[in-house]
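Undergrad: Quick mapping for you: the protein sequence lines, in order, are chains P and Z.
FYI, this note's numbering numbers position 38 of the first sequence as 304, with every residue one higher than the one before it.
FYI, this note's numbering numbers position 7 of the second sequence as 273, with every residue one higher than the one before it.
In case anyone wonders, no lab produced these hints; they're calculated from the structure.
Predicted model only: the values in this text are computed from it and were never measured.
Errors might be hidden in some of the hints.
Said to hold, decoys possible - Pairwise CB distance ranges, derived in the manner of DEER restraints:
#1 P/Pro333 <-> Z/Asp460: 38 to 48 Å
#2 Z/His287 <-> P/Glu358: 21 to 31 Å
#3 Z/His287 <-> P/Lys316: 36 to 46 Å
#4 Z/Asp460 <-> P/Glu358: 52 to 62 Å
#5 P/Lys477 <-> Z/Asn268: 55 to 65 Å
#6 Z/Arg403 <-> P/Lys503: 28 to 38 Å
#7 Z/Gln332 <-> P/Ser471: 28 to 38 Å
#8 P/Gln518 <-> Z/Ile382: 21 to 31 Å
#9 Z/Arg403 <-> P/Glu392: 17 to 27 Å
#10 Z/Gly500 <-> P/Ile382: 50 to 60 Å
#11 Z/Pro283 <-> P/Gln467: 48 to 58 Å
#12 P/Glu392 <-> Z/Ile382: 43 to 53 Å
#13 Z/Arg439 <-> P/Val379: 47 to 57 Å
#14 Z/Gln332 <-> P/Thr269: 32 to 42 Å
What the hints assert, rightly or not - In silico BS3-like links for lysine-lysine, alpha-carbon gap of 30 Å or less:
#15 P/Lys316 <-> Z/Lys451
#16 Z/Lys477 <-> Z/Lys451
#17 P/Lys456 <-> P/Lys495
#18 Z/Lys484 <-> Z/Lys456
#19 Z/Lys316 <-> Z/Lys452
#20 P/Lys380 <-> P/Lys451
#21 P/Lys316 <-> Z/Lys456
#22 Z/Lys316 <-> P/Lys308
#23 Z/Lys503 <-> Z/Lys484
#24 P/Lys308 <-> Z/Lys308
#25 P/Lys489 <-> P/Lys451
#26 P/Lys380 <-> P/Lys484
Beta carbons: idealized from backbone N, C-alpha and C, even for Gly.
Protein chains: 2
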Amino acid sequence: MNTLTVIKIGGNVIDDPAALHRFLRAFASLSGAKVLIHGGGKVATQVAEKLGIQTTMVEGRRITDQPMLDVVTMVYGGLVNKQVVAKLQALEVNAIGLTGADGGTVLARKRPVKDIDYGMVGDIEEVDSGQIQFFLRQDLTPVFAPITYNTAGDLLNTNADTMASAIAVDMVRHNQVTLIYCFEKKGVLKDPTDETSVINQLTPSLYAEYKTAGVINKGMIPKLDNAFKALQNGVSKVIICHADELASAVNQGAGTTLQL
Amino acid sequence: MNTLTVIKIGGNVIDDPAALHRFLRAFASLSGAKVLIHGGGKVATQVAEKLGIQTTMVEGRRITDQPMLDVVTMVYGGLVNKQVVAKLQALEVNAIGLTGADGGTVLARKRPVKDIDYGMVGDIEEVDSGQIQFFLRQDLTPVFAPITYNTAGDLLNTNADTMASAIAVDMVRHNQVTLIYCFEKKGVLKDPTDETSVINQLTPSLYAEYKTAGVINKGMIPKLDNAFKALQNGVSKVIICHADELASAVNQGAGTTLQL
Chain P
267 MNTLTVIKIG
277 GNVIDDPAAL
287 HRFLRAFASL
297 SGAKVLIHGG
307 GKVATQVAEK
317 LGIQTTMVEG
327 RRITDQPMLD
337 VVTMVYGGLV
347 NKQVVAKLQA
357 LEVNAIGLTG
367 ADGGTVLARK
377 RPVKDIDYGM
387 VGDIEEVDSG
397 QIQFFLRQDL
407 TPVFAPITYN
417 TAGDLLNTNA
427 DTMASAIAVD
437 MVRHNQVTLI
447 YCFEKKGVLK
457 DPTDETSVIN
467 QLTPSLYAEY
477 KTAGVINKGM
487 IPKLDNAFKA
497 LQNGVSKVII
507 CHADELASAV
517 NQGAGTTLQL
Chain Z
267 MNTLTVIKIG
277 GNVIDDPAAL
287 HRFLRAFASL
297 SGAKVLIHGG
307 GKVATQVAEK
317 LGIQTTMVEG
327 RRITDQPMLD
337 VVTMVYGGLV
347 NKQVVAKLQA
357 LEVNAIGLTG
367 ADGGTVLARK
377 RPVKDIDYGM
387 VGDIEEVDSG
397 QIQFFLRQDL
407 TPVFAPITYN
417 TAGDLLNTNA
427 DTMASAIAVD
437 MVRHNQVTLI
447 YCFEKKGVLK
457 DPTDETSVIN
467 QLTPSLYAEY
477 KTAGVINKGM
487 IPKLDNAFKA
497 LQNGVSKVII
507 CHADELASAV
517 NQGAGTTLQL
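Looking at chain P on its own, in the form it has when it is part of the complex (with noise of 0.2 Å):
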C-alpha cells in the first residue's frame, strides 16, 4: 500500500516568515506523498481591523460573519494559501492550493444553530479522496486552505485541525496514513513550562492516566481526543511535533507519537 502523510500547520508558523521558509524546505525534503493544510494566522484578525470588520466572540470562539468569512477567504485561501504554494514550486515541489471547493474536496453543511449561532462555519459532511488520490498520483501536492462549501455554493470557514484529520481519515481508503500536527511547541509536554518534558509515546491507556493526574491539560484535549479518533478510523499513527523538527520527527522520533 501507498504511504501519505497528511501534516498540519498552524498560524503561528505562517505568521513568522522564517519560520515558514524553514518549515517549507522541511516539508518539501520529506520523501513520499504528502498533503498539507495550512491554519490561518493573525493576518485575517489584522486586515480584518483595517477593513473596519469587527472580530465577534461568543463563548472565546470567533463567530463567522458573512464580511468576516470573505475576509477568511482572502487571506487564507488566497494570500496565505497562493504565497506557500508559490514557495514550494520554487522547493521544486507541485503543490496545488485548493479549499474544500476545488474538485469538491472536503464537502460540509453550515453548522446548525444551537446555543450559538458561529454563522458561516462548516461541519465537515464528505472528503473526495478519490480527487485528493487522483492529484497524488499525478505527483501533485495538495495545499488546502482551511475553507470548506457546501452544496448550496457557499464557502465555510473550517476548523484546520479538524480539516486535517478528516481528510487523513479518509484517505486510509488508498493509503498507510501518518497525520503530523505541527505546532509551537516540541509535542505534547508533562509540564507545559517545560520543552524538554516531552512525552515521546501516547497509548490511549497513558492517554487517559495523563488526564486523570492532570498532566495532560484543557488545551491539548480537544487536540488529542481529535488525534486519537483518527487513529480509531485507521490512521497508522498521528505526531505532534515543533513545526521546526518536521524532519527529525519522521525519521527519528522527535515529538510525541501516538499510535493504538
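Given the coordinates of chain P, assemble chain Z onto it according to the supplied hints.
TA: Below, chain Z alone, put in the same frame as chain P:
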C-alpha cells in the same frame, strides 16, 4: 480531436453579483470541456483603499508593488476565485480554482524594467497544457485567477486577456480550441454608442480595413491584435460577446466572430 472552450470573463461582470450569476449559469450549461479565466474587478481597488494602500498609475497603467500584489492575491486568487468555484459547484460543475502557480500551470517571469517598472507583473513564459489537459480529462473545470508565478517563488500579477489567449494557444496541442472574450458590450461595434452595430464577422483583411477607416478604435486594438495572434497560433475561432449572450454566441452566432 476534443473540443475545448476557453472563456475570459471581465471584471465588470465580477463586480455585479446578478450579472455574475447569470453568466455562471450560462457557463455551466455549455457542453464540452471548458476553462474559465476571470478578471479582477473593482474590489481589489476598494480593498486596497480601505487598507490604506495607494494605487500607483504610470502612463495609465497600474503598478503592482508588493502590498498591491498581496491585495490582488487576496481578492483575485482568494475571494473572487473561490466564490466562483463554490457557485459553479452548486451548478454541478466540478470547478477547480487555480493561479498559474497551482500545479505549475502558467509560469511567468517578472517583467524587465525598461522605461517603467511595473513591479510584480508577470509576462507568461510557459503554459503547462499537459497539466491542464489532465484536469479536463478528470472532468474538472479549471477556473483561473489572473496571477502567475516565477521560478523564484514569487507570485506575479498578470493581464487576464493575455492569460486567456496564452492558455487557449497552448491547449491547441490537445484540442480544437474556441476562445471567447465576454465583456460589457455586444461585440466589436462599428459605432461604440450603438449596441446594434455589432460586426458579426471579422477576418484579418476586414480588420485592417476597419482600422484604416478608423471604425475600430484604440481600446479594441490590443484586444483584437491579441485575438488574431491566437488564431495565427492555432486557435480555431475567437468570439467577442456580451457576458449575457454567451449561450447565443456559442450556438447562434451572437457577438463578433474572428476567423482567419
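Undergrad: So, for every hint listed, does it hold in this structure?
TA: Against the structure, the hints:
1. Checked against the hint of 38 to 48 Å, the C-beta distance between P/Pro333 and Z/Asp460 comes to roughly 41 Å, which is consistent with it.
2. Roughly 40 Å separates the CB atoms of Z/His287 and P/Glu358, a value that falls outside the hinted 21 to 31 Å.
3. Roughly 29 Å separates the CB atoms of Z/His287 and P/Lys316, a value that falls outside the hinted 36 to 46 Å.
4. Checking the proposed 52 to 62 Å range against Z/Asp460 and P/Glu358 shows it holds: the Cβ atoms sit about 54 Å from each other.
5. A hinted range of 55 to 65 Å holds for the C-beta pair P/Lys477 and Z/Asn268, which are about 58 Å apart.
6. At about 34 Å, the CB distance of Z/Arg403 to P/Lys503 agrees with the hint of 28 to 38 Å.
7. The beta-carbon spacing between Z/Gln332 and P/Ser471, approximately 52 Å, falls outside the hinted interval of 28 to 38 Å.
8. Between P/Gln518 and Z/Ile382 the C-beta distance comes to about 52 Å, which lies outside the given range of 21 to 31 Å.
9. Between Z/Arg403 and P/Glu392 the CB atoms are about 23 Å apart, so this pair conforms to the stated range of 17 to 27 Å.
10. Checked against the given bound of 50 to 60 Å, the beta carbons of Z/Gly500 and P/Ile382, roughly 57 Å apart, stay inside it.
11. For Z/Pro283 paired with P/Gln467, a C-beta distance near 54 Å keeps the hint of 48 to 58 Å intact.
12. Checking the proposed 43 to 53 Å range against P/Glu392 and Z/Ile382 shows it holds: the Cβ atoms sit about 50 Å from each other.
13. Against the hinted window of 47 to 57 Å, the Cβ-Cβ separation of Z/Arg439 and P/Val379 comes to about 51 Å, which satisfies the hint.
14. Z/Gln332 and P/Thr269 have their C-beta atoms about 39 Å apart, which keeps the hinted 32 to 42 Å range intact.
15. A distance of roughly 36 Å separates the Cα atoms of P/Lys316 and Z/Lys451; the hinted pair therefore is violated under the 30 Å criterion.
16. Distance check on the hinted pair: Z/Lys477 and Z/Lys451 sit about 19 Å apart at the alpha-carbon level, within 30 Å; holds.
17. At roughly 22 Å between alpha-carbon atoms, P/Lys456 and P/Lys495 fall within 30 Å of each other, so this suggested pair holds.
18. A distance of roughly 13 Å separates the Cα atoms of Z/Lys484 and Z/Lys456; the hinted pair therefore holds under the 30 Å criterion.
19. The suggested pairing of Z/Lys316 with Z/Lys452 is violated, with an alpha-carbon distance near 34 Å, which exceeds 30 Å.
20. Pair hint P/Lys380 plus P/Lys451 does not hold up; C-alpha atoms about 34 Å apart against a cutoff of 30 Å.
21. In summary, the hint linking P/Lys316 to Z/Lys456 is not supported, as the alpha carbons are separated by about 46 Å, beyond the 30 Å threshold.
22. Pair hint Z/Lys316 plus P/Lys308 holds up; C-alpha atoms about 18 Å apart against a cutoff of 30 Å.
23. Among the hinted pairs, Z/Lys503 with Z/Lys484 is consistent with the structure: their alpha-carbon atoms are about 23 Å apart, no more than 30 Å.
24. A C-alpha spacing of about 26 Å is found between P/Lys308 and Z/Lys308, which places the hinted pair at or below 30 Å, so the restraint holds.
25. Simply put, P/Lys489 and P/Lys451 have alpha-carbon atoms about 13 Å apart, close enough for the 30 Å limit, and the pair holds.
26. With a C-alpha separation of about 23 Å, the suggested pair P/Lys380 and P/Lys484 falls inside the 30 Å cut-off, and the hint holds.
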